[in-house]
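**Student:** Sequence:
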Amino acid sequence: MDKSYKDKAISLLLFAIALFIALCLFSFEETDISFFTSQPNSPCQNYGGIVGAYLSFFLLSALGFSAYLIPLVCLLLGIDRSKRDFSQKGSSLFFQAIALLIFLVCLSSVLGGESNIRKGGILGVYLFSNLSRYFGNGTYIIIAIFLILSFLLIKDILQLPFLLKIVKKAGGLLVRGLVRLTAKIRKRKEERAKTIPIREKKTKRPRIKISPEPSFKKRVTENLSKKQLPEREELPASPKPASSRRRQSEQVEVEPIQEDEPHTLAYQLPPPSLLKSPPPLKQRKIKDDLEANARILEGTLLDFGVEAKVTNIDRGPTITRYELLPAPGVKINKIVTLADNIALAMKAGSVRFITPIPGKAAVGLEIPNSSTALVYCREILSSEQFRESNFIIPLGLGKDVSGMPLIADLGEMPHLLIAGTTGSGKTVCVNNSLPGDYPSQKGRVGAELGSGRDGAEIPTIGRGGHAEYQSL
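Under my numbering, the first residue of the sequence shown carries the number 1, and numbering increases by one thereafter.
Simulated from the structure, these hints should not be mistaken for lab results.
Note that the structure is predicted; figures quoted are calculated from it, not measured.
Some clues are possibly wrong.
To be verified - Under the rule of at most 25 Å between Cα atoms (straight-line distance), these lysine-lysine pairs were calculated in the BS3-like manner:
# : residue 1 : residue 2
1 : K285      : K309
2 : K287      : K426
3 : K285      : K347
4 : K194      : K184
5 : K276      : K426
Given these sequences and hints, build the entire structure.
**Tutor:** See below:
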């Protein structure tokens with residue numbers, strides 16, 4: 001095959017590659033790649049199809065914005081192959097193009113920073129990070145040197161005859177267009193100057209003198225002054241007020257204002273019997289279970305060489321507290337380290353030690369109950385602690401660890417905070433604590449307002465003592 005035809009075929013191939021890469025890059029969409037989304041576009045929106053989408057993705061990821069210059073480099077190489085002898089200067093142009101791409105990658109990474117892969121690509125970030133690590137701010141000097149060298153290396157590409165012809169033709173067309181445009185603008189100005197008539201000078205009109213308005217006020221005042229006005233009649237003088245000494249001497253007796261007694265509502269206090277009564281507990285079975293657990297606890301401690309005795313058991317609604325009296329010479333830390341073994345023996349999820357119990361020479365061990373018991377509001381309101389309390393605003397908070405009713409006075413508290421996670425029972429606590437105040441009011445009128453953030457029902461108590469539930 002003739003060498004000229006071979007060069008033309010290679011140049012056409014380079015033109016086709018440049019066009020294909022340009023179409024792929026400018027029509028690139030991230031939604032075509034399964035790397036960015038679990039549901040890529042089907043069919044592919046890229047002009048180069050799936051191959052073009054992945055090719056553009058690879059080029060942009062590796063080179064960043066510099067990938068858009070690859071079609072231009074291929075185009076220039078194709079032009080040079082068709083116009084010159086490739087054996088002499090083609091190889092040099094190829095290396096010049098590679099040097100130009102490397103420089104553009106570094107420049108893009110500088111513009112994008114060390115972590116911006118979109119601008120400089122993976123190669124640009126890698127080069128810039130390594131250069132900045134070893135040279136610091138001198139990286140910018142090195143890149144500036146590469147900039148100057150790259151322009152010196154690509155002077156052969158910029159001096160292609162075909163490219164110079166295109167630049168000359170484009171410059172000539174631009175100059176001709178500017179000349180024609182200026183000529184058209186001058187013609188339009190001349191045509192407008194001919195068609196627009198000259199405006200005549202305005203003649204000055206004589207000003208009309210306006211006589212001032214007749215002074216009617218002056219005439220009216222003169223006529224009124226001539227007429228005689230009727231004389232005014234003198235009124236009798238009013239009697240003089242009494243002297244201040246006389247007022248001070250007089251004593252005025254002021255009767256005290258009797259204040260009305262506050263009106264109290266005559267109503268019968270609601271008895272606790274209106275509330276739901278708790279179900280009966282199997283006290284004998286509970287007592288037997290507690291004694292059995294106490295023996296298991298003592299046996300477990302004895303297996304590990306710890307001698308202790310259960311002196312008291314307090315069973316609450318959710319947990320049971322065992323009071324342990326260790327033998328002389330037994331360290332408390334030795335008992336605490338057996339927490340996991342005790343939980344395994346007692347079939348409990350976790351145990352908690354109180355070392356020691358305040359006011360007692362014993363160690364407390366709290367173990368969750370196998371079945372929790374509900375605390376009913378009637379139990380608290382009908383207990384002796386609630387009836388004998390002289391609190392202004394009593395609150396039935398529930399039961400303590402030992403199962404005794406827990407009553408508090410809201411009047412002595414500066415504030416009351418009920419904290420807890422969602423669903424832990426904050427609203428239920430408020431609904432059951434506030435009604436404990438109603439049976440003890442004894443005719444007092446009060447008003448309370450409840451509010452909730454999570455949309456729960458909190459009672460709003462009116463001035464009549466009635467509770468209305470609203471979803472807030």
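**Student:** List in ascending order the numbers of the hints, as given earlier, that are violated by the structure.
**Tutor:** 2
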